[in-house]
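Undergrad: Given only the sequences and the hints, what does the whole structure look like? Please build it.
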Amino acid sequence: MASSEGLSVSTVPKDVDRTWLDHMHEWVSTVDHKRLGVLYIFSGLFFFILGGLEATAMRAQLAIPANDLVEPAEFNRLFTMHGTTMVFLVGMPIVTGFGNYLIPLMIGARDMAFPRLNAWGFWMFFFGGIVLYMSYFASMGLYGAGTAPDVGWFAYSPLTGRAFSRGNATDYWILGILISGFGSMSGAINMLTTTLTMRCPGMTMRRIPLFVWMMLVVSFLMLLALPVLTAAQVMLLFDRFLGAHFFDTQAGGDAVLWQHFFWFFGHPEVYILIVPGFAYASEIIPVFSRKVIFGYVTMVAASICIGLVAVGVWAHHMFTVGMGRGLDIWFAIITMVVGIPTGIKLFNWIATMYGGKIRFRVPMLFAIAFIGQFLLAGLTGIMLSGAPFTWQLSDSYFVVAHFHYVLIGGLLFTVFGACYFWFPKMFGWMMSERLGLWHFVLFFIGFHLTFTTMHIQGLLGMPRRIYTYEPDRGWAIWNAITSAGVVLQGLGVAFFLLAIFMAFRQKKPAGPDPWDAWTLEWSTSSPPPEYNFLSLPEVRSRRPLWDLKHPEDPDWEHE
Amino acid sequence: MGSASFRIKGGLLSIGIAGITAFLSFLALSAVAAKAFAAEVIQTPTPFEPVSEPAHAIMDFGLLIIWICAAIFFIVFGLLIYTIIRYRAKAGDETTEPAQIYGSEQLELAWTITPVLIVIILGLITAGRIVALDKTDPPEGSLGIRVIGHQWWWELQYEGYDFITANELHIPVDQTAFLTLHSEDVIHSFWVPQLSGKTDLIPNRTNQMWMHPHETGLYVGQCAEYCGTQHAHMLLRVFVHTQPDFERWAAEQQQLATRVASVDLGRETFEQTACVNCHTVRGVTEIGQFGPDLTHLMSRTTIGAGAAANNRENLIAWITNPDHFKPGARMPAMKLSPQKIELVADYLTTLK
Amino acid sequence: MTENEEKESLSLPASTAAPLFFAFGLVLLLASLVTNVIFAYVGAVIAVLGAHGWWREMLPREHIEPVPVQPLSERAPEITPQPASVEHLVVGEDGHRVRLPLEYHPYATGLRAGIAGGIAMAVVGGIHGLVAAGSVWAAFNGFASIVMPLFGASPPPDMLSFHPGIMVAALGVHIALSLLIGIVYSSVLPMLPGHPRLWGGIVAPIVWTAAGWAAVGLVTPDGAGAVSWGWFIASQIAFGLVAGEVVSRSTPVRTLQSYTLSGRAGLEATPAQGHPEDHS
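Protein chains in written order, with our numbering: chain A, 1 to 559; chain B, 1 to 352; chain C, 1 to 280.
Hints in this document: simulated from the structure, not taken from any laboratory. Incorrect hints may have been included.
[What the hints assert, rightly or not] Some chain B residues judged to face chain C by a derived CB distance under 8 Å, without partners named:
1) 97
2) 100
3) 113
4) 114
5) 118
6) 271
Glycine included, C-beta positions come from ideal geometry on N, C-alpha and C.
TA: This is the structure in structure tokens:
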């Protein structure tokens, strides 16, 4: 060992001498949190394209009534795969990826607490995604009866039982999620431990950036929610392979039990996906408003509150299963309570911009759009928390519009913002403002065409997950607009990919601190060296770089 | 990156505003188009045109929440728009940083507690509505109907009348219809938006729902919980009749099937093939339980739970291959010769 | 950041493909369920190999490798003070940044205002019940009929007599609402121009009475007639006037920023916390 250690300094040659195989080997054997973060994000983007294509096929089918472009069974596979992909293979890895990349840099650490576990987590997620998509090829090729799973992303029993889902399609769904779930759990353990134990000198819990606080809440939620899902999946495997009857209603199993298990995971999962959106916004908005975040402590408290309340609201997905008035009332009210900390956050972001000097760079545009859209998403959430109203609206397109507003209008917009914001840090090159602008404008208009109109279909009584609808229902025009929006969104994403490609091509250097920002990751070079910081920084306030830039008026005098 | 660039980005606002304007005008246009379409539209099952309790009470409650949320939206969104316009970076701003303000306990307290108050009020209202609309026992003088969900059709058993029909529910106006909901296979959900909210049909469980219509007419709905391949073609039609019309209809349904001698050949074909294993024709063959009761088939307006209009031509197409209208339907193609299929169809059209 | 003596390399965990193999093995193992049992054998072997490789990375001692330090030219330059000046709000002292507001009412004021207002409101409600229905309890039972569904229960059967359980539930909600509104009063009233008594005593109650009047038809279609709006407004104004009075009599306290740095330093005593000496 010792000799090879000594050698490695000199034997690792510069870029020019290395073949693509060397590069490849470097990436697959890496335990560096930055590389793993990049792997997470890019594989997330890869699956994002797949999920987007699935959505496009569905919208093509629904653009006109009584269409027969896509077969019914294939349509059901499409929405199952779309939902599963977007939640487990796009949302989760991108969230984990940014957390992985940024947490050590933000708290002044050289790596994550468990670098090898980190690599294992990534590969589990990645292989999980592969297993899920193998269903398209393998479950028909090897054992017949169907290809991809067609049980919906929340896979209500008894539809998943052997009696109603023959072949192996559903098993691929279970295994894919089970496997990638282990990856997410290990990622959560890693982020939690890193944040709690590896902060640099002076980086107290009251000084870590809001991003890190919110990822802490997310990790906590992952650790709480994912094991429940894993357990439920194992029970379902028992049902399907060993003849257990947990959810097998033909033999006296309980269909509602699955719903409780799934949503006990499924609702916190929504917060696992949206709180990182808050995290990106909480970093982007202050920098481009040129102001310190308004009400840091309140923001932290609100995040923790969201984390706590998030685990107590799951059955608001089940207002129509006949839980009885007591539970309906409890879950309706506790769901409304979520609106309180969320509202605080919205107010605090606006207050941060208030009195600032707002620079409308691309990341900020996405963040501002996020605030407006998330406001609407939250308010439709309040509408849906009124249980009697949900007796009408649940499983309608209103709900579809609501959660796409949360996940696209909320999460995806901030993810795009975060990509433009941290790309210069990750690769050292700037992304084009002009292409970014095109991306933003097209995607923004496309998003609203698709999802703002979608509320109307719901209010007109259109249920979700139908592969076609009658021409005489009055839904046709709205569905046409919804589908038209998809084209613009697709164009927007194409500009995003182009912007990434051009950034690598044009190589416009970013420098260590292109946005004149204040958190620690901007103090090291872009891209950061493998060890992040040559000497561990020592901080005295929440904005260490502000202190250095404004020695006459540093933060630490005021916190 | 320099000073010029975010002056340019100041112009971005106008792009954004232009985009929103374009979008709004498009919406307005499409609303006009929707109106134009609406002329030919027969049935939009919207919860906002209720003809029954509890749909009416739910709409009132929904409108209240929508108005509260709209008020909040306009206040906060207005604040956001004001902020980004008023505090956009202007020329020369890059040399100074704005005043750094950490927060305001007073303000944050105000915008914490005000939502708390709104939640308490909304919670009280919601709880009141839930208690008022939730009925677990049939009210006095109500019409009891057992609804059983199948992949992908509805079985309707009229309590006290002793007959079974499918997919098309007939109820009298100004009387409470009390439905008990079961499922034979997977979870379904009964949803006719103009009459009532939805309630799930869950295997091994019994749910209840009620409706008290005050206008006669035909109201459409469909299964609202994904239940497999043909979830989209599990449609529902509810006919609300006047009391005498309903009694007349029910009396007809109670009759046994009529025997018409001219179609005996078709009846024999029906009885000698696997048809009878699933379908009951009361008074003739009463074995089948798995498919819809066909005793008064021709009294229904659609076949295949709304997949096609009910006429001889469609019946022939349906018997030839159910997948033609409803790919994936549980009924198999019987592989009969075209002549036999015509005979069976002739027989079926006599089941009035 | 302090420059240490120049190092040539730093030690970091060495690259390893062992976790990849371990993951791959586990996946094959699980995938055997839907493919072929051979996958289980191959997967188990790969997983064991991967786990062993991982084990060897950690034990007997962690495998670390030196990473060469970036040449000076690639390093991020030292961060230098910016020429950009920072604006200050004029309310601050000595050109310092501020926490807003400079002074506020303590929470106790808000709580006191809520309690006093809540009592005043209950008194008016009691008088109303006595005058209109001949029973002190009528108004309370009326309120309880709104609150009871919260506990999944139906409204009280007899509106004129005393029901202890119902009274406790109604009282609980009444107290909670009064305290919360009291706190809002104490934080918002001082921000408003003019006289707090006017805003809190007249304007606010009229606004929410109007909102309630508009909403009650939607909420309880049959309830609109049951509310006597004159008395309702009277009880709300009683609350508003009393709570507003309590708030405007209270003396605001100054926020921490008015203290010197050393006074505030006690909040978070960490080694990196500011200078010990006064900064005035």
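Undergrad: Look at each hint and say if it fits the structure.
TA: Now for the hints, and whether the structure bears them out:
Checking residue 97 of chain B against chain C: minimum C-beta separation of about 5 Å stays under 8 Å; hint holds. Because the smallest distance between the Cβ of residue 100 of chain B and any Cβ of chain C comes to about 5 Å, under 8 Å, the interface hint for this residue holds. The criterion of a C-beta within 8 Å of any C-beta in chain C is met by residue 113 of chain B, whose closest approach is roughly 5 Å, and the hint holds. With a least beta-carbon distance of about 6 Å to chain C, the hint placing residue 114 of chain B at the interface is held under the 8 Å criterion.
This hint is violated: residue 118 of chain B has a C-beta 11 Å from the nearest C-beta of chain C, more than the 8 Å allowed. Among the interface hints, the one on residue 271 of chain B is violated; its C-beta lies about 44 Å from the nearest C-beta in chain C, farther than the 8 Å criterion.
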